[in-house]
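Note that the protein sequences, when read in sequence, are chains A and B.
Whatever position you read off the first sequence (first residue = 1), add 8 for the working numbering.
Whatever position you read off the second sequence (first residue = 1), add 4 for the working numbering.
Don't read these hints as lab results, they were simulated from the structure.
Watch out, some of these pointers could steer you wrong.
[As the list claims (entries may be wrong)] Okay, derived cross-link-like pairs now, SDA-like style, lysine to any residue, Cα gap no bigger than 20 angstroms in a straight line:
| # | chain 1 | residue 1 | chain 2 | residue 2 |
| --- | --- | --- | --- | --- |
| 1 | A | Lys-101 | A | Pro-139 |
| 2 | A | Lys-175 | B | Leu-263 |
| 3 | A | Lys-140 | B | Thr-173 |
| 4 | A | Lys-28 | A | Asp-173 |
| 5 | A | Lys-140 | B | Ala-197 |
| 6 | B | Lys-54 | B | Phe-40 |
| 7 | A | Lys-347 | B | Ile-193 |
| 8 | A | Lys-140 | B | Gly-168 |
| 9 | A | Lys-28 | B | Ile-193 |
| 10 | A | Lys-101 | A | Asp-119 |
| 11 | A | Lys-28 | B | Ala-197 |
| 12 | A | Lys-140 | B | Pro-194 |
| 13 | A | Lys-101 | B | Met-195 |
| 14 | A | Lys-127 | A | Pro-139 |
| 15 | A | Lys-28 | B | Arg-189 |
| 16 | A | Lys-347 | A | Ile-335 |
| 17 | A | Lys-140 | B | Phe-40 |
| 18 | A | Lys-101 | B | Gly-168 |
| 19 | A | Lys-140 | B | Asp-172 |
| 20 | A | Lys-101 | B | Phe-40 |
| 21 | A | Lys-185 | B | Ala-197 |
[What the hints assert, rightly or not] Partner residues are not named here, just some residues of chain B that face chain A (Cβ under 10 angstroms, in silico):
| # | residue |
| --- | --- |
| 22 | Gly-164 |
| 23 | Glu-167 |
| 24 | Leu-171 |
| 25 | Asp-172 |
| 26 | Ala-177 |
| 27 | Val-179 |
| 28 | Asp-180 |
| 29 | Ile-188 |
| 30 | Ala-262 |
| 31 | Leu-263 |
| 32 | Gln-266 |
Glycine included, C-beta positions come from ideal geometry on N, C-alpha and C.
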Amino acid sequence: MSSIRLQNINKRFGAFHAVKDFSLDVPEGEFLVLLGPSGCGKTTTMRMVAGLEEISEGDLLFDDQRVNELLPKDRDIAMVFQNYGLYPHMTIKENISYPLRLRGTPVAERDERVARAAKRVELTELMDRRPKALSGGQRQRVALARALVREPRVFLMDEPLSNLDAKLRVTMRAELKHLHHELGVTTIYVTHDQIEAMTLADRVVVMSHGEIIQVGTPEQIYNEPANLFVAGFIGSPAMNLIHGAIEDGTFVAPGVRVPGVATGSRDRVVLGARCEDLDLCEPDDGAHLSGPLFSLELLGETTQATVRLPNRDSVVIKGSKDYREAIDTPIGVRFDVGKTYFFDGTSEQRISL
Amino acid sequence: MNRGRSRLWDIATTALVILSGVFILLPILWVFLTAFKSEIDVYDLSLLFKPTVKNFREIFSNPQFKLGQALGSSLIVAFSTIAIAIPVSTLGAYGFARFRMIGGRLAFFSVLATQFVPAVVIIIPFFLLARDLGMLDRHVTLIVINLAIVTPFAIWMIMGFIEGIPLDTEESAMVDGAGRWRVIRDIVIPMAAPGIITAAIFSFILSWNEFLFALMISQQDLRTWPITLALFSDEQGVRWEYLSAAGVIAMAPMFVLALLIQKHFVKGMTMGAVR
C-alpha cells in the first residue's frame with residue numbers, strides 16, 4: 009500500500025495539452041475515482057501513474073519517492089484494463105500466475121496464491137480454459153484476479169466495467185467495493201459513469217479538458233457542485249439548469265418565477281435544482297414554473313416528468329409512481345427555495361446570493 | 005430467373021477452378037510420374053507403366069551429378085537464411101509496429117521498396133562486389149544475398165500480425181512486471197506465431213528455389229539444388245527421368261511443409277493481405 013502524490017503533472021502530445029497542471033494527494037488506502045467525459049484526460053493521467061505514458065512535466069511520488077523514471081514493471085502496481093488485456097494464448101491459471109512467474113515466486117507459493125485469488129473472484133472451475141472460452145463477466149474477473157494475486161502497492165482500473173451488460177455491472181460494482189474494503193489497497197479508478205463514481209469512491213475528481221474541476225467526496229460533489237459543468241454532469245438525471253435573471257430578489261425565466269431567492273437584481277444567472285427537490289402541482293396552485301408536459305417516464309418506484317420551457321431548457325421532476333398526466337397537459341412545478349443553486353451565466357461558477 | 009443465373013455462375017466458376025487446377029497440377033503430376041519411369045517409358049504418355057525407384061538410386065550414386073553436395077548446399081543456405089532472417093525480421097517488425105520514431109515510416113517504406121527492384125537490375129553490382137571481395141562460390145555470400153531478398157518481405161508480413169495484437173495486452177504484461185524483452189518473448193512471439201511461421205516458410209521457399217543469384221555466385225563448390233537441376237545432363241543429353249527424380253526431391257520439403265502448416269499458412273496469407 010502506498011500514498012500517491014501528483015505534483016503539477018502535465019502531459020503534452022505534440023501541440024495538444026492533454027493534462028494541465030494536475031496536482032493531487034491520494035492518501036494510503038483511498039479509493040479515488042477520476043471522472044469526466046471522454047477526452048478529458050482521466051485515462052492519460054492514470055496511464056502516467058502506471059508508467060505507460062511519459063510525464064511531460066511535474067513529479068509523481070509513491071510514498072514520497074519520485075517514480076517518474078521508473079518503468080511500469082518496477083512500480084509495483086496492478087492495473088485492470090478496459091478490454092481486460094488478458095493473454096489469449098495462456099490458460100486462465102497461467103494468466104493469473106503470470107505476474108508471480110515474472111517475479112520468480114516459488115511454484116508452491118504461486119499455486120497457492122493463484123488458487124486464493126481465483127477463489128476470491130469465483131473462477132476456480134475455469135482455470136484450464138482460455139480467455140476466448142469465457143464470457144465478458146468471467147474475463148473481467150480473470151483480470152481482477154490477476155491484479156489481486158500480487159498484492160500490489162496501487163491498483164489502477166481503467167473503466168473496468170464498461171464492457172459489461174447493465175446487470176452484471178451492478179453486481180461487479182458491489183464486488184469491487186467489497187474487495188477494496190477487504191484489501192484496503194490504494195486505488196485509482198477511471199470512469200465516465202457518474203453512478204460508478206458516486207457508488208465506489210471515497211473521493212471523486214471531476215475532470216474536463218485536462219483540468220481538475222472539483223475534488224470531493226461523492227456527497228460534496230453531488231450536494232455542492234462548484235460550477236455548471238459538475239452540476240450538469242453529476243446525478244442521473246443531471247441537475248435541472250434554467251437560464252434566466254434575478255429581478256428584485258425573484259428568479260425570472262420564460263415560464264418561471266421563483267421569488268425570495270436573493271436580494272437585488274442580477275443578469276445572466278442559471279438556477280439549478282435536483283429533480284427530487286421539485287414538486288409537481290397544479291399550475292394555479294402556487295406553482296413557480298408552469299408549462300405543458302413534454303414527456304412522462306415510468307421508472308418503477310417513481311415517475312419522471314419533463315417540462316420544456318420556451319427557452320428550450322428542460323426541467324425534469326420526480327413524481328410519485330402513480331402520477332399520470334397526458335402529454336401537453338399544462339402542469340405546475342414548485343421549487344424548494346432552500347435547495348436551489350445559482351451559477352453565474354458567464355463564468356459558470358457557483359455563486360451565493 | 006435469379007436462381008438459374010446463380011447456378012450458371014456456380015458451374016462457370018467451378019469449371020474455371022478445375023481448369024486452373026489442372027493447368028497448375030498437370031506439369032507437377034508429369035514430373036512426378038516421370039521420376040518413377042524407366043528410360044524407355046519416358047516419352048510414352050500412358051499412365052500405365054512399371055514404376056521404379058532406380059532413378060533416385062542412380063542420381064545419388066552417380067558422382068557426376070554431385071547431388072549430395074547440392075542438397076547440402078541448399079539446406080545450409082536455406083536454413084542459415086531463415087535462422088538469421090526470422091529473429092531479425094521479428095524484432096524489426098516489432099520496432100516498426102510499436103515505436104514512433106522520426107523517419108520511421110520512411111525507413112519502413114525504404115525496406116519495402118527494395119522488393120520492387122527486379123533482381124536482374126542488381127545482379128551485376130552484386131557479382132562485382134562478391135568478386136572484388138573474393139566471396140564468389142561461398143555459402144555465406146548466397147546467404148547474405150538471400151537475406152537481402154527475404155528480410156524485407158518477412159518484416160512486412162510479421163508486422164501485420166504484430167499490429168494486430170492489442171496494445172492493452174502488451175501493456176498489461178508490462179504492468180504485471182515484464183520488461184520489453186520479456187513482453188516480446190512471452191506475449192508478442194506467441195501471439196504473432198502464425199505470421200512468424202508463415203514468414204519462415206516463405207523465406208525457406210524463396211531461399212530454396214532461388215536460382216539467379218546462386219547461378220551467378222556459384223563456380224565449383226557452391227551448387228545449390230536448383231543450379232544442379234538446371235545443369236542436369238550427361239553425355240547422352242538431358243535425362244528427363246533423372247531430372248524428374250531430382251525435381252521430386254526438390255519439391256518434397258515444400259509439400260511436407262505445406263501439409264504441416266496449411267492452417268497457419270492460409271491465415272497468414274489472408275491476414276497479411278488484409279492489413
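Consistency of the hints with the structure:
1. Straight-line distance between C-alpha atoms of Lys-101 of chain A and Pro-139 of chain A comes to about 10 angstroms, which keeps the hinted pair within the 20 angstroms bound.
2. Straight-line distance between C-alpha atoms of Lys-175 of chain A and Leu-263 of chain B comes to about 48 angstroms, which puts the hinted pair past the 20 angstroms bound.
3. Taking the CA atoms of Lys-140 of chain A and Thr-173 of chain B, the gap is near 14 angstroms; set against the 20 angstroms cutoff, the hint holds.
4. For the given pair, Lys-28 of chain A sits about 34 angstroms from Asp-173 of chain A by alpha-carbon distance, which is inconsistent with the 20 angstroms threshold.
5. Pair hint Lys-140 of chain A plus Ala-197 of chain B holds up; C-alpha atoms about 17 angstroms apart against a cutoff of 20 angstroms.
6. Simply put, Lys-54 of chain B and Phe-40 of chain B have alpha-carbon atoms about 8 angstroms apart, close enough for the 20 angstroms limit, and the pair holds.
7. Taking the CA atoms of Lys-347 of chain A and Ile-193 of chain B, the gap is about 61 angstroms. The hint is violated against a cut of 20 angstroms.
8. The suggested pairing of Lys-140 of chain A with Gly-168 of chain B holds, with an alpha-carbon distance near 16 angstroms, which does not exceed 20 angstroms.
9. Among the hinted pairs, Lys-28 of chain A with Ile-193 of chain B is inconsistent with the structure: their alpha-carbon atoms are about 38 angstroms apart, more than 20 angstroms.
10. A threshold of 20 angstroms between alpha carbons decides the hint, and for Lys-101 of chain A with Asp-119 of chain A the separation of about 9 angstroms falls inside it, so the pair holds.
11. With a C-alpha separation of about 42 angstroms, the suggested pair Lys-28 of chain A and Ala-197 of chain B falls outside the 20 angstroms cut-off, and the hint is violated.
12. Distance check on the hinted pair: Lys-140 of chain A and Pro-194 of chain B sit about 16 angstroms apart at the alpha-carbon level, within 20 angstroms; holds.
13. With a CA separation close to 18 angstroms, the supplied pair Lys-101 of chain A and Met-195 of chain B stays within the 20 angstroms bound.
14. Taking the CA atoms of Lys-127 of chain A and Pro-139 of chain A, the gap is about 17 angstroms. The hint holds against a cut of 20 angstroms.
15. For the hint pairing Lys-28 of chain A with Arg-189 of chain B, the CA-to-CA distance comes to about 37 angstroms; that exceeds 20 angstroms, so the pair is violated.
16. Only pairs whose Cα atoms come within 20 angstroms are accepted, and Lys-347 of chain A paired with Ile-335 of chain A is rejected, the gap being roughly 28 angstroms.
17. For the proposed pair Lys-140 of chain A and Phe-40 of chain B, the alpha carbon gap of about 49 angstroms is over 20 angstroms, so the pair is violated.
18. About 24 angstroms separates the Cα atoms of Lys-101 of chain A and Gly-168 of chain B, which puts this hinted pair outside 20 angstroms; it is violated.
19. A C-alpha spacing of about 16 angstroms is found between Lys-140 of chain A and Asp-172 of chain B, which places the hinted pair at or below 20 angstroms, so the restraint holds.
20. In summary, the hint linking Lys-101 of chain A to Phe-40 of chain B is not supported, as the alpha carbons are separated by about 54 angstroms, beyond the 20 angstroms threshold.
21. Restraint check for Lys-185 of chain A and Ala-197 of chain B: not satisfied, since their Cα atoms lie roughly 40 angstroms apart, outside the 20 angstroms limit.
22. Because the closest C-beta pair between Gly-164 of chain B and chain A is about 17 angstroms apart, greater than 10 angstroms, the hint is violated.
23. Taken as an interface hint, Glu-167 of chain B does not check out: its beta carbon lies about 16 angstroms from the nearest beta carbon of chain A, beyond 10 angstroms.
24. Among the interface hints, the one on Leu-171 of chain B holds; its C-beta lies about 9 angstroms from the nearest C-beta in chain A, closer than the 10 angstroms criterion.
25. Hint status for Asp-172 of chain B relative to chain A: holds, with the closest Cβ pair at about 4 angstroms, below 10 angstroms.
26. Taken as an interface hint, Ala-177 of chain B checks out: its beta carbon lies about 7 angstroms from the nearest beta carbon of chain A, inside 10 angstroms.
27. Residue-level restraint check for Val-179 of chain B holds (minimum Cβ-Cβ distance to chain A is 4 angstroms; threshold 10 angstroms).
28. Residue-level restraint check for Asp-180 of chain B holds (minimum Cβ-Cβ distance to chain A is 4 angstroms; threshold 10 angstroms).
29. At its closest, the beta carbon of Ile-188 of chain B sits 13 angstroms from a beta carbon of chain A; the interface hint therefore is violated under the 10 angstroms criterion.
30. For the restraint placing Ala-262 of chain B at the interface with chain A, the shortest Cβ-Cβ distance is roughly 24 angstroms, beyond the 10 angstroms limit, so the hint is violated.
31. Hint status for Leu-263 of chain B relative to chain A: violated, with the closest Cβ pair at about 24 angstroms, above 10 angstroms.
32. A distance limit of 10 angstroms between C-beta atoms decides the matter here; for Gln-266 of chain B the minimum to chain A is near 20 angstroms, and the interface restraint is violated.
Figure legend: structure checked against the earlier numbered hints; hints not met, in rising order: 2, 4, 7, 9, 11, 15, 16, 17, 18, 20, 21, 22, 23, 29, 30, 31, 32.
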